[in-house]
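Using the sequences plus the hints, can you model the full thing?
Okay, here's what each chain looks like letter by letter:
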Amino acid sequence: MSPQFVDFDADGRLDLVAATFDGSPKWARGTAAGFEQPVHVLDRDGARIVMNAWWNFDAKKWDATTRCDPPGAADGHLTSAWACDFDFDGDLDLLLGDHRAGQVMWRRNDGTSARPQFAPQNELVQADGKPLVVPGTVTTLRLADVDRDGRDDLVVGSMGDAYGDAPGGGVTVHLDGGDGKVRRFGPPIVWVEPSAKGQAAPTRPDSGLYMDVVDHDADGDLDLVVGAYSHWTPPVPQLTAAQQQRAAELQRQLEALEQKVEAIYAELDRATATLAEAERDAKFRELLSARQPELKGLSEQRAAAERELDPLVPGVKRQSFVWLYENVTPK
Amino acid sequence: MPRSPFPSVVSCLALAAFAVAQQPPQFAAPVRLQAGGKLLGEGRLYPSPVAHDVNSDGRLDLVVGDLRGRITVALRTASGYAAEAPMRAADGKDIDFHNW
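Heads up: the protein sequence lines correspond to chains H and Z, in order.
Under the working numbering, read the first sequence as residues 288 to 618, first letter to last.
Under the working numbering, read the second sequence as residues 13 to 112, first letter to last.
Since the hints were derived computationally from the structure, they do not count as laboratory data.
Note that the Cβ used here is the ideal one computed from N, Cα and C, for glycine as well.
Take the hints with a grain of salt, since some may be wrong.
[As the list claims (entries may be wrong)] Calculated Cβ distances over 12 Å to all of chain H for the following chain Z residues:
| no. | residue |
| --- | --- |
| 1 | 49 |
| 2 | 64 |
| 3 | 87 |
| 4 | 94 |
| 5 | 97 |
[To be verified] Quick look at which bits of chain H chain Z covers, simulated, 3 or more residues with Cβ under 8 Å:
| no. | stretch |
| --- | --- |
| 6 | 289 to 296 |
| 7 | 393 to 407 |
| 8 | 413 to 423 |
| 9 | 487 to 496 |
| 10 | 511 to 522 |
| 11 | 577 to 590 |
This is how it looks when you write it as structure tokens:
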């Protein structure tokens, strides 16, 4: 959820726009008394703006639709939005990022900013002459004139592998070489390389890079402020024989606890396997709720074992921070 | 008027500017930002910062959203950032982009 301050309804006051993991953009109207609580941005038919996956707040479950798909779209999950006049017609459209397949789309506003009429379907954003697909999938987007040529360029953050050892996220820029009437984004220029991970300490943002482009130090060039997770593994200490033995015991305990948790879920799966889908979900939740005390106990045991094991055999650390990349390009 | 066989100064400058633009900026090694003596964004689920002058004092503050749909503000001071505080809505409650 990457907030944007923008006068979304053209009333002279800044509003807040952001898409969230529920699959849709929302906006919080700015008033003289402050921001109202956010509501969904709706299309001209009163429907939520989505790609495919969306959280159904009424049914309290994930749903999927193809009603917003442009031709050639992959299965997507909208989690980022940026209000901008994408088609240069004087009103604010929505640039949309896809957390699932890495697509970038936009939603055309056929009305005005004050009286928006968002089209019922998304359109694919092209870069380098083809639909843009961001490796590692999209975290957040910005339109900003990074090369100071009077045209806003596309800046994209990427997620990368959020938990494992596979490459993490980065930041890329697509310069706009268009004529001011149609955007023509170029090939990706890497501003922050996707992380290879593997550090012994947090030295950079590794996954889930949510960047903003800003002159942070007021020196006339654009820096990056990046919220993200860092992944690192502290060096393994030299262990005594007793410590090695204890570490092995704790690792066996953790494996046993994991097997107990898996056995509970397998039992619930077996107990609900023959039910119809809607009934199965409800029954699964009911049975799961009944097993919560047991699962909580196992979780506490696991946490205690991990706490004791970690100084002996440090595990991978994963923590979120906000980083500054200061632009030091010679002027 | 016959056309010069040599590129004009203007087109050379344009080409040079284009070539420069294709090069990414040079960034210093990243550093973690702090707010109120704490690491900014630590412990948040997918912190997403945006720079904005929230209190109209001429300094860009950092507004940080997260996966849960909550927003905090770290006001810029002369020496850094003040401690993060939740952004309030007009109803006096924390502004909440309530996620799924």
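- Item | Coverage claim, chain Z over the stretch 393 to 407 of chain H, checked by counting residues with Cβ within 8 Å (three needed) | Contact hint for the stretch 393 to 407 of chain H vs chain Z: violated, 0 residues under 8 Å.
- For residue 49 (chain Z), is the shortest beta carbon distance to chain H beyond 12 Å? 14 Å, holds
- State whether the coverage of the stretch 289 to 296 of chain H by chain Z holds or is violated, taking the criterion as 3 or more residues with Cβ-Cβ distances under 8 Å. Per the Cβ count (4), the hint holds.
- Residues of the stretch 511 to 522 of chain H with Cβ under 8 Å from chain Z, three needed, outcome: Satisfied; 6 residues make the cut.
- Message: Using Cβ atoms and 12 Å as the threshold, tell me whether residue 87 (chain Z) really stays out of contact range of chain H.
- Response: With a cut-off of 12 Å, residue 87 (chain Z) remains clear of chain H, as the shortest Cβ separation is near 14 Å.
- Query: residue 97 (chain Z) clear of chain H by more than 12 Å, beta carbon to beta carbon?
  - Reply: Answer for residue 97 (chain Z): holds, closest chain H Cβ roughly 14 Å.
- Item | Given as non-interface: residue 64 (chain Z), partner chain H, CB spacing beyond 12 Å | Given a closest Cβ separation of 5 Å, the condition is violated.
- Are 3 or more residues of the stretch 413 to 423 of chain H near chain Z, judged by a Cβ distance of less than 8 Å? Contact hint for the stretch 413 to 423 of chain H vs chain Z: violated, 0 residues under 8 Å.
- Does residue 94 (chain Z) really sit off the interface, with its C-beta more than 12 Å from all C-beta atoms of chain H? Fine: 14 Å to the nearest Cβ keeps residue 94 (chain Z) off the interface.
- According to a criterion of three or more residues whose C-beta lies within less than 8 Å of a C-beta of chain Z, is the stretch 487 to 496 of chain H covered? holds (count 5)
- Query: If you look at each residue in the stretch 577 to 590 of chain H, do at least three have a Cβ nearer than 8 Å to any Cβ of chain Z?
  - Reply: With 0 residues in contact (Cβ-Cβ under 8 Å with chain Z), the coverage given for the stretch 577 to 590 of chain H is violated.
Consistency with the previously given hints fails for numbers 2, 7, 8 and 11, ordered from lowest to highest.
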